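**Q** Residue strings, one per chain:
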Amino acid sequence: MVKEIERAGIPVVHMCTVVPISLTVGANRIVPTVAIPHPLGNPVLTPDEEKQLRRRLVERALAALQTEVEGQVVFDK
Amino acid sequence: MTRKIRVVHYLNQFFGQIGGEDKAGMHPMDKAGHVGPGMSFAAALKDQAEIVGTVICGDTYFGENMETATKEVLDLIVKYEPDLVIAGPAFNAGRYGSACGAVCAAVAEKLQIPVVTGMYPENPGVDMFRKHIHIVETEGSAAGMRQAVPKMAKLALKLAKGEPTDSAVDGYLTRGIRKNYFAKERGSARAVEMLVRKLGGQKFVTEYPMPQFDRVDPNPAIRDMSKARIALVTSGGIVPKGNPDHIESSSASKYGKYDLEGIDALTAASHQTAHGGYDPVYANENPDRVLPVDVMRDLEREGVIGKFHRYYYATVGNGTSVANAKKYAAAIAKELVEAEVQGVILTST
Chain G
1 MVKEIERAGI PVVHMCTVVP ISLTVGANRI VPTVAIPHPL GNPVLTPDEE KQLRRRLVER
61 ALAALQTEVE GQVVFDK
Chain U
1 MTRKIRVVHY LNQFFGQIGG EDKAGMHPMD KAGHVGPGMS FAAALKDQAE IVGTVICGDT
61 YFGENMETAT KEVLDLIVKY EPDLVIAGPA FNAGRYGSAC GAVCAAVAEK LQIPVVTGMY
121 PENPGVDMFR KHIHIVETEG SAAGMRQAVP KMAKLALKLA KGEPTDSAVD GYLTRGIRKN
181 YFAKERGSAR AVEMLVRKLG GQKFVTEYPM PQFDRVDPNP AIRDMSKARI ALVTSGGIVP
241 KGNPDHIESS SASKYGKYDL EGIDALTAAS HQTAHGGYDP VYANENPDRV LPVDVMRDLE
301 REGVIGKFHR YYYATVGNGT SVANAKKYAA AIAKELVEAE VQGVILTST
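As you go down the protein sequences, you meet chains G and U in turn. In terms of this note's numbering, the first sequence is residues 1 to 77. In terms of this note's numbering, the second sequence is residues 1 to 349.
Chain U on its own, in the form it takes in the complex:
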């Protein structure tokens, strides 16, 4: 029989049985063999693989020193010469999930061996690392341990043996990788079949699932527009000429806040678009076509709106991740609330 697959298991201080939140500052340490949930993994991996060592680190220590901690954990993992690393599962614990993701991503990159972790889909570690590693979908709390362990173990063994995997079959969160395959029917036939099922009220499975977006309830309407302070925000990349903040034309890493004091209209000389992915000619010719400063100024002068907020905010929507857009907008919204802005017009290209 071939030798057993060597596995190292990563755990936080809690599952590593060191202690609770009071021990979350602990530096990484390792123990031979399996610890805590490692016992169930050992059972699920049966005679094919063996947990040769467990590395444990405090969640807070990891979260606050991500780079150093990743390196320290990696050094401890390497000692055991593993063929495979399993981390967590972290369920919906944010710091733990980020740590599991970071450890797995580092192992995959540096040691070039398969890694598996498990998280609840909304764990922030998912968005941070799903593209890099296999993350098995788990319940939100440790109550889901019993279901998570066999799924993770099964996927881990498949990966270790180089067998093909499938997110739908193996229960991991999709990694945004499309695989080409030859279908029996061509696309038009499949689409019509799907449509017929849909019209017939039957179940159908899309071949192109859209990402999940959450919902926010609308706020109450503005009662008196003539007293309201209105601000402009745009994802269309309108920036002062020369793009002083160097906002990227795609996958923007930032947003800008710009002063409109004394500006009655935007012109080709004063502003431009930084946005890639659409023809910039029209926006550069007259940036008001994306950010209607001229009209807003008129409406303010005529008393239709109470006040046109002095600053506008801009970023580039092109290829920018939902997570980043969310982060920028949350920061923008905070400032708008502090400035007592009562309504926002957000323009997109």
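Excised from the complex, chain G in its bound form:
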């Protein structure tokens, strides 16, 4: 899916937990996430902490979209 969106000319960032699949599938900008059933959250945290975590990950995704890349890059920090 990421590839078709990229192919259409829109930069796309893939937020996913299983990075090797994302790499195999061919995403170019990849942000690793927390866990398969809750990629952008963590139920052990308080709701506020959880939202902060989610915000950091989304900000990282936005940073990825603002970064020129050649080939595949995993934005893990």
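These are computed hints drawn from the structure, not numbers from a lab. Be a bit skeptical, because a hint or two may be false.
As the list claims (entries may be wrong) - From the structure, some residues in chain G lie toward chain U, with a derived Cβ separation under 10 Å:
no.	residue
1	18
2	36
3	43
4	46
5	57
6	61
What the hints assert, rightly or not - Calculated pairs, EDC-like style, for lysine to aspartate or glutamate (alpha carbon to alpha carbon, straight line, at most 16 Å):
no.	chain 1	residue 1	chain 2	residue 2
7	U	307	G	59
8	U	257	U	163
9	U	334	G	59
10	G	51	U	285
11	U	327	G	4
12	G	51	U	338
Since this is a predicted model, take the numbers as computed values, not measurements. Built from N, CA and C at the ideal position, the CB exists for glycine as well.
Got chain G sorted already, so can you dock chain U onto it with the hints?
**A** Just chain U now, with coordinates in the frame of chain G:
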């Protein structure tokens, strides 16, 4: 000597020597004996099999009337009481490949006799029918006829005689069928041996080849995020509560487009996941954990992003074929381009 194996050959209007694109609308017809490339097949099948009839159909007619055409072709094939059907080869011709695949699949299903066709791996007919039939890998154009015919003929004879086949030996595209066998060495020993070869820079053959995926070059970065329109897309199956489009939990046959107007955050009351294959408890408790609508809304309000696109798109990635995912995403991408979306965050579970 036992009697010769009776073969019917399927061809399009071009290889059937009726005409070019101007004849592509022709309805199915049949001729006794072999036609066009059938002559090389007859030579390759030698004294073991005989092409008793050839069925020819226009590619456009077949493509536009797949169901009817398949039936019509099948009716013509049946007349010859074949033991085996060979179609094409179609090389990289899409309509022809789909027709060859459809004819072979129908013959295999209805007549329960072996079928063989030949295609270039990227022919759309391959993905449509590879699981159902034997498709010998060919070159992309008819220049590969000379190599294709003996491979197809050899495999056809093996199948007709009920001999075991192997994609690596017989040159057909893998059908996704795993065969159990007893190996001499156990898995750990084979894996270590493979690893040693790999580390030594030697050739090794994986026992579990991964499917081929193509590559797309990354697009330029977004220059000014504060003016950019950003959309969310997910394969994690987040849908409005009740799953109004009935997106399947596995092997999704569709995707959904949903309005986020006036929604500041997703809740257990408003949204849920339709995805099977992962524990849905966390996503159902707070769907923002998969589709970060709450954070995106904040970022929009604070001016970090220019605009949070009004609609999000969702499907279920679980078991969904690459071909289908590609199709959905292409349709989604088209709409996103039309809506002047400048960046996409795609979340997966």
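**Q** All hints are to be evaluated individually against the structure, with a verdict given for each.
**A** Checked hints:
1. Hint status for residue 18 of chain G: holds, given a least beta-carbon distance of 8 Å to chain U, under 10 Å.
2. Among the interface hints, the one on residue 36 of chain G holds; its C-beta lies about 5 Å from the nearest C-beta in chain U, closer than the 10 Å criterion.
3. Among the interface hints, the one on residue 43 of chain G holds; its C-beta lies about 5 Å from the nearest C-beta in chain U, closer than the 10 Å criterion.
4. Hint status for residue 46 of chain G relative to chain U: violated, with the closest Cβ pair at about 12 Å, above 10 Å.
5. Checking residue 57 of chain G against chain U by beta carbon gives a least distance of about 8 Å; that is within 10 Å, so the hint holds.
6. Checking residue 61 of chain G against chain U by beta carbon gives a least distance of about 5 Å; that is within 10 Å, so the hint holds.
7. About 15 Å separates the Cα atoms of residue 307 of chain U and residue 59 of chain G, which keeps this hinted pair within 16 Å; it holds.
8. Distance restraint check for residue 257 of chain U and residue 163 of chain U: the Cα-Cα separation of roughly 50 Å exceeds the 16 Å cut-off, and the hinted pair is therefore not satisfied.
9. For a cut-off of 16 Å, the pair hint linking residue 334 of chain U to residue 59 of chain G is broken: about 26 Å separates their Cα positions.
10. At most 16 Å may separate the alpha-carbon atoms for a hinted pair to count; residue 51 of chain G and residue 285 of chain U meet this at roughly 14 Å.
11. Between residue 327 of chain U and residue 4 of chain G, the direct Cα distance comes to roughly 8 Å. Compliance with the 16 Å bound is thereby established for this hinted pair.
12. For a cut-off of 16 Å, the pair hint linking residue 51 of chain G to residue 338 of chain U is broken: about 32 Å separates their Cα positions.
Comparing the model with each earlier hint shows violations of hints 4, 8, 9, 12; every other hint is respected.
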